[in-house]
Every structure is written in structure tokens, then in C-alpha cells.
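Here the protein sequences line up with chains X and D, keeping their order.
Counting along the first sequence from 1, when you hit position 107 you're at 107 in my numbering, and nothing is skipped either side.
Counting along the second sequence from 1, when you hit position 137 you're at 137 in my numbering, and nothing is skipped either side.
Wrong hints could be hidden among the right ones.
[Claimed, not checked] The following label-pair restraints were derived from C-beta to C-beta distances:
(1) X/Trp90 to D/Leu122: 36 to 46 Å
(2) X/Ala128 to D/Gln91: 15 to 25 Å
(3) D/Arg194 to X/Ala151: 53 to 63 Å
[Said to hold, decoys possible] Some chain D residues flagged as far from chain X (calculated, every beta-carbon gap over 12 Å):
(4) Pro30
(5) Ala47
(6) Gly55
(7) Glu107
(8) Thr120
(9) Ala142
(10) His171
(11) Val181
(12) Ala191
(13) Ser206
Simulated from the structure, these hints should not be mistaken for lab results.
Beta carbons: idealized from backbone N, C-alpha and C, even for Gly.
Given next are the chains, with one letter for each unit.
Number of protein chains: 2
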Amino acid sequence: MSPETVTVHGMSTSGNCHKVRLLLEQLGRPYRWIEVDSANGGTRTPAYLAKNPNGKVPMLERADGGVLVESNAILCWLAEGSPYLPDDAWQRALALSWLFFEQYSHEPYIAVARFIRGWTPLDSPRRADLPRLVERGAQALAVMEKHLQAAAWFTGNDYGVADIALFAYTHCADDGGFDLVAYPCITDWLARVRAQPGFVPMPGVSDDVAARLASS
Amino acid sequence: MSPETVTVHGMSTSGNCHKVRLLLEQLGRPYRWIEVDSANGGTRTPAYLAKNPNGKVPMLERADGGVLVESNAILCWLAEGSPYLPDDAWQRALALSWLFFEQYSHEPYIAVARFIRGWTPLDSPRRADLPRLVERGAQALAVMEKHLQAAAWFTGNDYGVADIALFAYTHCADDGGFDLVAYPCITDWLARVRAQPGFVPMPGVSDDVAARLASS
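Put together the whole structure using the sequences plus the hints.
Structure follows, in C-alpha cells:
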């Protein structure tokens with residue numbers, strides 16, 4: 001039986017959304033992608049909020065209308081039974097631990113710094129937050145670097161969901177004002193992720209976002 | 001075979017730590033609790049950071065030295081094979097989705113508002129963040145309220161890990177400056193959680209914290 005075709009509502013240049021696309025591509029699973037401009041209110045329409053009251057992307061929708069939100073929960077569901085999610089309960093728990101680390105200690109700093117620099121006006125008051133975000137994001141990168149000094153991956157002994165989740169915003173951390181040269185193990189790990197079968201890069205940002213990132 | 005006795009490093013008045021205690025009590029599983037004063041540097045000692053470089057509680061330690069961090073990953077591991085974690089992959093994914101919601105959209109506002117009001121000096125500059133935290137925390141409570149208008153629990157059809165995780169800081173949201181009277185479905189759900197077999201309340205805060213909460 002071929003796997004069910006799922007629908008993903010996502011913004012292609014969002015790391016959280018790219019996680020889902022990357023795993024679907026690596027699984028070779030059929031999917032339909034509906035582009036949502038979440039930076040400009042696309043997740044705040046009544047139709048969207050009816051499906052996801054928390055108003056965020058990505059959102060996965062099944063043929064029977066079932067809806068799953070939260071990028072890392074989507075990764076776990078899609079990876080179930082595949083090599084991208086460990087079978088062993090302890091190894092799976094360790095992978096989950098990195099998924100929660102990503103959402104609590106990494107994304108709120110590294111992804112948010114990128115968003116502020118790329119998607120808010122150059123005179124936005126939110127830019128005053130950047131020094132604090134860069135300080136906290138650097139702490140997250142240091143935790144990752146330490147782990148990678150003794151391990152090749154974040155998902156047990158192999159590449160998997162936690163690597164996909166952490167790759168999402170680490171690979172474009174420079175957009176947030178981070179310099180990965182200071183993290184040689186992370187740099188090597190990024191290259192290993194990019195060499196995985198079925199890897200697809202995250203689509204590039206629009207010209208106006210690129211210009212803001214260059215000016216920040 | 002009796003289950004392995006695990007060691008939990010935690011601060012008893014932290015909701016994230018209480019999640020782990022509550023589930024262990026409900027599972028009737030033996031455990032050792034090591035109190036860590038994370039509000040006063042207990043997670044920043046070299047010995048602690050050697051085990052958890054991210055410097056947070058709770059931390060679960062096994063007899064063989066294996067360490068698991070992130071409260072919600074600990075819940076999933078402990079609940080594996082019990083009624084507190086659904087067997088069905090889709091139901092489990094939905095529970096995971098609430099666990100990620102809790103850590104991304106709920107705890108950073110509701111728990112952090114409580115921490116600032118109870119554990120920082122009355123003249124702390126961090127108190128300037130409170131209006132924003134209360135606004136965002138109220139959005140999280142609204143998402144929960146909406147879910148509970150159509151469902152009894154957050155973990156599939158039954159009480160489980162996602163209820164434990166969301167109970168942790170929702171039940172003491174008033175410490176953060178939230179009034180739960182505005183959320184009748186949440187209020188009813190809190191009562192249902194408290195009525196679960198093996199329920200144990202979170203230990204009370206110290207007198208000085210209580211005094212700050214009363215003055216905030």
C-alpha cells in the first residue's frame with residue numbers, strides 16, 4: 001500500500017516548515033505543499049485559525065481532515081517506522097530530548113534573530129532584542145558543539161529527526177548574526193547532513209529579505 | 001522484573017520538575033529525588049554542567065549513568081508502554097504536538113511570568129517584560145480553552161503525558177498574573193486532573209517567594 005498523500009501548509013523559507021519538506025523528500029513520500037505567507041498574516045485568517053487555533057506553520061493535513069501541528073511532532077509522526085526515528089525507547093527519548101532543546105533553547109533565539117534581521121524593517125524596535133538573542137543562541141550552539149565532539153548525530157547513532165530539526169535553523173544561523181566558524185564540529189555535521197540521500201536545500205529568501213539581511 | 005529506580009535532579013517548586021514527580025507517582029515507580037536549587041545557581045556548577053551542558057532541571061539519571069534531559073522527553077520515556085502515552089501513532093503524535101505547544105507557546109510566557117514575579121526582586125528590570133508575557137500567555141490559555149470545549153483531555157481520549165505537561169504551569173498560572181476564572185473549561189479540566197489516581201500536588205513555594213508573589 002502506498003503511503004497516504006499528506007498536505008503541508010508551510011512557508012518555504014521557514015526552517016520549521018523546511019524540516020517537514022526535507023523529511024518527506026528523504027522518505028520519498030508523496031505530498032502536496034500549500035504555500036502560506038506567515039510573515040504577512042497568512043496564518044491569521046479565519047480559515048487558517050479554524051484548522052490551527054495557534055496560528056502557526058507548518059500544519060499537516062490528512063485526507064480525512066485530521067490536522068497535526070508543531071514541526072517536531074510532524075517529524076516524529078512521519079518518521080514512525082522509518083530509520084529516521086529510533087526503535088529503541090531510550091534512543092528515541094534522547095532524540096526527543098534534542099527536539100525539545102531545539103524548540104526551547106535554540107529556535108527562539110537563532111530563528112527569531114534571523115526573522116528580525118530579515119523580515120522586520122531596519123528601524124524596527126524589535127532589533128533591540130538582537131544582542132540578547134545572539135547571546136542565548138550562542139549558548140545553544142555551544143551545547144550542540146559539545147555534543148558533536150563525542151557523537152556524529154543527534155538521533156541516536158544515525159541521522160534522523162533530531163538532525164533534521166536542528167539543521168533547520170543552524171544551517172542559516174549566519175542570517176541571524178552568528179558566525180559558525182567558531183563551531184568546527186557543527187560545520188562538519190552540517191556537511192554530513194547535506195550529504196544524506198534525498199537531501200534538499202531550503203529555498204532561498206526573496207530579494208527584499210536578502211537585502212535586509214545584507215544590511216543588518 | 002521491577003522497574004529500574006531512576007534518579008531525578010529537580011527543583012520541587014518548578015512545574016517542569018513536578019511533571020516528572022507526578023508521573024512517577026502515578027506510575028508507582030521507585031525513584032530518588034535530588035533537590036537542585038536552580039533559582040540560585042544549582043544547575044550552573046561544573047558537576048551539574050558535566051551531566052547536562054544546557055544547565056537546566058529536571059534531569060533524569062539511570063543506574064548505568066545514562067542521562068535524559070527535557071521534562072517532556074522524560075515524560076515520554078517514563079510513560080512508554082503505560083496508559084499515559086497512546087499506543088496509536090496518530091494519537092501519540094497529537095499528544096506530542098501538545099507537548100511542543102507547551103514548551104514553545106505556553107511555558108515561556110506562563111512559567112516565566114511566575115518566575116519573574118516570585119523569584120526576582122520587586123525592582124528587577126525583568127518585570128518590564130510582564131505585560132508582554134501575560135498577553136502571550138493568555139493566547140496559549142485561549143488555545144487550550146478552545147481545545148477543551150470539544151475534548152476532555154490533551155492526550156488522545158484519556159489523561160496522559162500532555163495533560164501532565166500542561167497542568168504543570170496552568171494550575172499555578174495565577175502566580176504569573178493570570179486569572180483562570182476567564183477559562184471555565186480549563187478550570188474544569190484542572191479539577192479532572194487533580195482527581196486522577198495517584199495525583200500529588202506540587203509542593204508550595206518558600207515564604208519569601210510567596211511574599212513576593214503576594215506583592216507583585
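Hints, verified against the model:
no.: 1; hint: X/Trp90 to D/Leu122: 36 to 46 Å; result: 44 Å, holds
no.: 2; hint: X/Ala128 to D/Gln91: 15 to 25 Å; result: 43 Å, violated
no.: 3; hint: D/Arg194 to X/Ala151: 53 to 63 Å; result: 41 Å, violated
no.: 4; hint: Pro30; result: 18 Å, holds
no.: 5; hint: Ala47; result: 16 Å, holds
no.: 6; hint: Gly55; result: 9 Å, violated
no.: 7; hint: Glu107; result: 8 Å, violated
no.: 8; hint: Thr120; result: 16 Å, holds
no.: 9; hint: Ala142; result: 8 Å, violated
no.: 10; hint: His171; result: 20 Å, holds
no.: 11; hint: Val181; result: 21 Å, holds
no.: 12; hint: Ala191; result: 23 Å, holds
no.: 13; hint: Ser206; result: 26 Å, holds
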